[in-house]
Amino acid sequence: MVAEYTLNGFPLTNNATSAATNGAYVVIKPGTHILKIRYWVKDVATGTEGTITKTLSSATYDQNKYYNITANLDVKNYDGDHYYMWDAQQQYWYGYEWTRHLSGNTGQPTLNGNSSSNYAQSNSDVSRWYHEGGGSGRFDATQGCAGLPNVNEMTWYAAKGEPRWDADELWTTMGHLYKGGMWFKKKANISGFNPNTAVDGNDWRTNGGGRSWFVSQTLLDAADANNYFYLPALGCCGSGQLYSVGDYGYYWSSSAHPGGSSSAYSLYFYSGYVNVRNGNRSYGFRAEVLQ
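In terms of this note's numbering, the sequence shown opens at residue 1 and continues consecutively.
It should be emphasised that the hints constitute simulated quantities derived from the structure, not laboratory data. Backbone N, C-alpha and C fix where the C-beta goes; we use that ideal spot for every residue, glycine too. Just to be clear, a hint being listed does not mean it is correct.
Said to hold, decoys possible - Taking CB as the label site, the calculated pair distances span:
no.	residue 1	residue 2	range
1	Val41	Gln241	26 to 34 Å
2	Lys29	Thr99	43 to 51 Å
3	Asn68	Gly31	23 to 31 Å
4	Asp168	Ala45	41 to 49 Å
5	Lys54	Asn226	14 to 22 Å
6	Thr197	Ile69	53 to 61 Å
7	Ser115	Ser212	26 to 34 Å
8	Leu102	Asp62	23 to 31 Å
9	Asp62	Val289	46 to 54 Å
10	Gln241	Thr197	51 to 59 Å
Model the full structure from these sequences, guided by the hints.
Below is the structure:
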């Protein structure tokens, strides 16, 4: 017989076989069981807390014995190296990465509200400054944002990708724990997906546009998960300050706004909406190839 137990730090039975996990002991009935262990974790710096559930393989537990149970509590980690001004050659904090552990406020900030002055403040910082030009028609990325979805593709993800907000998925970035992000259908599963026209039939690369869409709060069924991909709410950088990690996600497209030489298109989202609009190229949004 195979039984399933959930270990929450409390005894499940009054029998004489014990399993120890993360310093807590539980008593289980001797026999063959599948153990599902739920760990409660909290980041004291960000205040984020949540659960990580691990299901162990079926095993036999004998009477009057102790078993040490270990589990890998690693959650998905996202690096801090993909914040870019639009289509810059190098990332926003190049040379001042948080992994260098620079003293004071000289390096990349890792918590919301923290800042540093060591970001590109003019085009004299050639490699980290945004790609200038355009403003009178289509203008595509050729550097750090080349290969990203264009603005038309972003509208398909937002309008037809069935975006679903997930407030519980735990993840880490720059040494801290967060949760919050959006699931989108992969483009192979979006009917009509077309890089040459937006969902309204126009080419926003040349004609411009902007719109917001509501998102679902219904979590995915496990059986459908492979048809979607997840984008964490990694926030952004502006004037050297880190904003909105865990609350908002900002992702550059490869398309500048056709009518503005200092703006470009991005997909950004929060718990209620997903948006495709133009923003200032000097912001440090994420540059990620989407599925």
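Results for each hint:
1. Val41 <-> Gln241: 26 to 34 Å: This hint holds: roughly 27 Å between Cβ atoms.
2. Lys29 <-> Thr99: 43 to 51 Å: For lysine 29 and threonine 99 the Cβ distance comes to about 47 Å; the hint holds.
3. Asn68 <-> Gly31: 23 to 31 Å: violated (19 Å)
4. Asp168 <-> Ala45: 41 to 49 Å: violated (20 Å)
5. Lys54 <-> Asn226: 14 to 22 Å: holds (21 Å)
6. Thr197 <-> Ile69: 53 to 61 Å: For threonine 197 and isoleucine 69 the Cβ distance comes to about 54 Å; the hint holds.
7. Ser115 <-> Ser212: 26 to 34 Å: holds (28 Å)
8. Leu102 <-> Asp62: 23 to 31 Å: violated (54 Å)
9. Asp62 <-> Val289: 46 to 54 Å: holds (51 Å)
10. Gln241 <-> Thr197: 51 to 59 Å: Violated: the Cβ-Cβ distance is about 37 Å, outside 51 to 59 Å.
Taken one by one, the earlier hints fail for this structure at numbers 3, 4, 8, 10, listed in ascending order.
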